[in-house]
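Asker: Take the sequences, apply the hints, and build the full model.
Chains B and U supply the protein sequences, listed in that same order. Under full-length UniProt numbering, residues 1 to 321 are what the first sequence spells out, in order. Under full-length UniProt numbering, residues 1 to 323 are what the second sequence spells out, in order.
Be aware that a few hints might be false.
Unchecked claim - Distance condition first, Cα-Cα at most 20 Å in a straight line; then the derived EDC-like pairs of lysine to aspartate or glutamate: (1) U:K2 / U:E287; (2) B:K284 / U:D26; (3) B:K226 / U:D26.
Unchecked claim - Just a sample of chain U residues kept apart from chain B, beta carbon distances all over 12 Å, derived: (4) K118; (5) E222; (6) K255; (7) R260.
These are computed hints drawn from the structure, not numbers from a lab. Since the structure is predicted, the reported quantities are computational estimates derived from the model, not experimental observations. We treat Cβ as the ideally placed atom computed from N, Cα and C, and that holds for glycine.
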Amino acid sequence: MTWTKWSYMDHWVTETPQGPQPPSFNRAYMDRYVKQLSALGFTGFDTFFFYLHLLAGMYGSVPGFERFLQDNGFEKITGIFSAYPSATKWTAPHVRETHDRIVADCTNTLRMCEGLTGVENFIVMPTSTYYQTEPVTDDTIKVVADLWNRVGRLTLEHGMKTTCHFEFWGAIRTREQLDTFFRYTDPEYVYFFCDTAQHTIAGVDPIQMFRDYRDRCTGFHFKDTKNVDHHEAYRTPPDPELMAPQVTRWFYEMGEGGLVDFPALMKEIVRSGYDGWLTVEHDKAELGGGSYAEATAVAKWYIDNVLAEAQAEAEAEVAAR
Amino acid sequence: MKDSLRWSYALNQWNLRLDAFVRHEDQQRALKTVSACGFDHIELASGTGRWDNISRPEVILLNHGSHQGFLDFLRTAKVQGVSSMFWDPQAPAEEEEGYAFRSTANPADSDAIVEWAKPFVDFVAGVGAEQLVVRPVGSAWMSPPLGEDGIKLVGEVWNRIGELTSAAGIGLALHYDCLGAVHTADELRGLLSATDPATVGFALDTAELTVGGIDPVAFYRENAERVTHVHLKDTRYADTGEEYRMPGAEATMLKGGAGRRIERWFFELGTEGGLVDVPAFVAALRENDYPGWVVVESDHGGNPAELAMLNSWYLQRVLGVTK
Chain B
1 MTWTKWSYMD
11 HWVTETPQGP
21 QPPSFNRAYM
31 DRYVKQLSAL
41 GFTGFDTFFF
51 YLHLLAGMYG
61 SVPGFERFLQ
71 DNGFEKITGI
81 FSAYPSATKW
91 TAPHVRETHD
101 RIVADCTNTL
111 RMCEGLTGVE
121 NFIVMPTSTY
131 YQTEPVTDDT
141 IKVVADLWNR
151 VGRLTLEHGM
161 KTTCHFEFWG
171 AIRTREQLDT
181 FFRYTDPEYV
191 YFFCDTAQHT
201 IAGVDPIQMF
211 RDYRDRCTGF
221 HFKDTKNVDH
231 HEAYRTPPDP
241 ELMAPQVTRW
251 FYEMGEGGLV
261 DFPALMKEIV
271 RSGYDGWLTV
281 EHDKAELGGG
291 SYAEATAVAK
301 WYIDNVLAEA
311 QAEAEAEVAA
321 R
Chain U
1 MKDSLRWSYA
11 LNQWNLRLDA
21 FVRHEDQQRA
31 LKTVSACGFD
41 HIELASGTGR
51 WDNISRPEVI
61 LLNHGSHQGF
71 LDFLRTAKVQ
81 GVSSMFWDPQ
91 APAEEEEGYA
101 FRSTANPADS
111 DAIVEWAKPF
121 VDFVAGVGAE
131 QLVVRPVGSA
141 WMSPPLGEDG
151 IKLVGEVWNR
161 IGELTSAAGI
171 GLALHYDCLG
181 AVHTADELRG
191 LLSATDPATV
201 GFALDTAELT
211 VGGIDPVAFY
221 RENAERVTHV
231 HLKDTRYADT
241 GEEYRMPGAE
251 ATMLKGGAGR
261 RIERWFFELG
271 TEGGLVDVPA
281 FVAALRENDY
291 PGWVVVESDH
301 GGNPAELAML
311 NSWYLQRVLG
321 VTK
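Answerer: Here's what the structure looks like:
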């Protein structure tokens, strides 16, 4: 059976009377956005913590928004993304003195999620930018790990797993740093979220990463890239994703000739027995004149045709064992 | 779409201007979008020249080698075939006597227009499509009112082309549009009377009829036997002030250049304030066991992929069509 748990990560930009805007521009635009995802057959929705107040305003509450999703064939909101990409005096995962404030923020986000059907992932960027955090030592990673152990315990009380999504420009980016981080975090409280493009750019094989951390993996961002960072772009202040001199656009949708071998990943997922949500992410798809709508349709076409075939092949292989 | 009706999607909305939809990979993305929305057939629209390489039979064949080569190109994106192709002989094309301006309303142009039809007839038949959909007459503002005799002359051209399409095993469908010189319901009835029901059908466009002041559901019920093709789209406006007679109505009316300054007349199914009763129209098609294609189109109403997805949503969630 074709994979039914496909979720969409909420990066969309659409044309409005006031120029290109996120669909949270107003209720009518959100409605149209959800209908489009529904038409393609997505059944999960991932969003950012900073959209929750907007959604509550438009639909009465965050559960009110989820009910609108469900009226359109969705199962539920599957993940909430929270992040501190820029370190500040008040919030910096590698600075222990800021941890109370970060935990308080997370508590607020969890409060906004009360009454939802069952958000599974509390997705976090474990660190801020590399250049603000370096030198990245074992001790630095230990401080960061302590924070997410603490948040992981908290979110689990609300039924959500704290799962870590690593950026190519984040302070934990190499395979060695990732391994150190996972050694310092408690497997009961801190999980792994596999972003295929981010790892590839950082020179980490996402398929091997999934193979090695299968037991802690709670989700994926399926997105592609055409570049590995060979020029230390990850240290570009303040934002390597948009300001790297050598690469103007890092992220692409599946099926556009990028470096990630998605059929191989899909087979690995089937072979592993993983049966959770798979999430499509289009990050900055508008760069170079791209359209989120078309990127989403093309990615779903790739899922329905190319990945469905890879899935079927792997399932036949597993059944023949 | 798994349904008793056959659904297709018009690619015309992707061709935003003459040099914007040329690269094959861009065309593949449009085809994949249509496919992901649940449509496995498309309607093509005629154009002209090197940049309209998915719009001119000669250029399509040059690009893909053969009819089969073009079908293979579509099937790479899981689009299985072509339902129909739209052609307007009044639109000047360099392939047609170097941008000659000709009109079906001028008997002196008839032979040339019949000749021009042949590549389209051959292409539609060659790719296994079913209908050549045509604009029967030019814009109303460009010529004096046709009168009964004028409409008969127009009908005679299409009867001649209808013989060609029938001989090739395909249908010919006259498409009403809201700027056309055949404008009122009576004029439209006159054109249908002037053409041979055995070889010339009617392409009913729900939004165009509504803009033109004709109720598409009532007109369909009255003329169901003649309707061999459908374009399904919505509108929020009717042309209540005879704006179609304004000079340059293509820009002054349809692009909001003058008149009420309505910049967009055509909308996706389910649009707020839509004037077309889409559920009633589709129910009427079902009651009559309508056998032709229903082509959904959004006709330059915004981001093509967004509109295709919204139309797909409407089919799935409002009309109950399974993807």
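Asker: Would the least Cβ to Cβ distance between U:K255 and chain B come out above 12 Å?
Answerer: 17 Å, holds
Asker: Is B:K226 close enough to U:D26, meaning Cα to Cα at most 20 Å?
Answerer: It holds: about 18 Å lies between the C-alpha atoms, which stays within 20 Å.
Asker: Does U:E222 clear chain B by more than 12 Å, comparing its Cβ with all Cβ atoms of that chain?
Answerer: The assertion about U:E222 holds, with a minimum of 33 Å to chain B.
Asker: Take the C-alpha atoms of U:K2 and U:E287, compute the straight-line distance between them, and say whether it is at most 20 Å.
Answerer: Holds: U:K2 and U:E287 sit about 18 Å apart, inside 20 Å.
Asker: Please settle this one: U:R260 was flagged as non-interface, so is its CB more than 12 Å from every CB on chain B?
Answerer: About 18 Å separates U:R260 from the closest Cβ of chain B, which puts it past 12 Å; holds.
Asker: Would you mind confirming whether the straight-line C-alpha gap from B:K284 to U:D26 stays at or under 20 Å?
Answerer: OK: B:K284 and U:D26 at ~19 Å, within 20 Å.
Asker: U:K118: least C-beta distance to chain B exceeds 12 Å?
Answerer: 36 Å, holds
Of the numbered hints given earlier, the model fails none.
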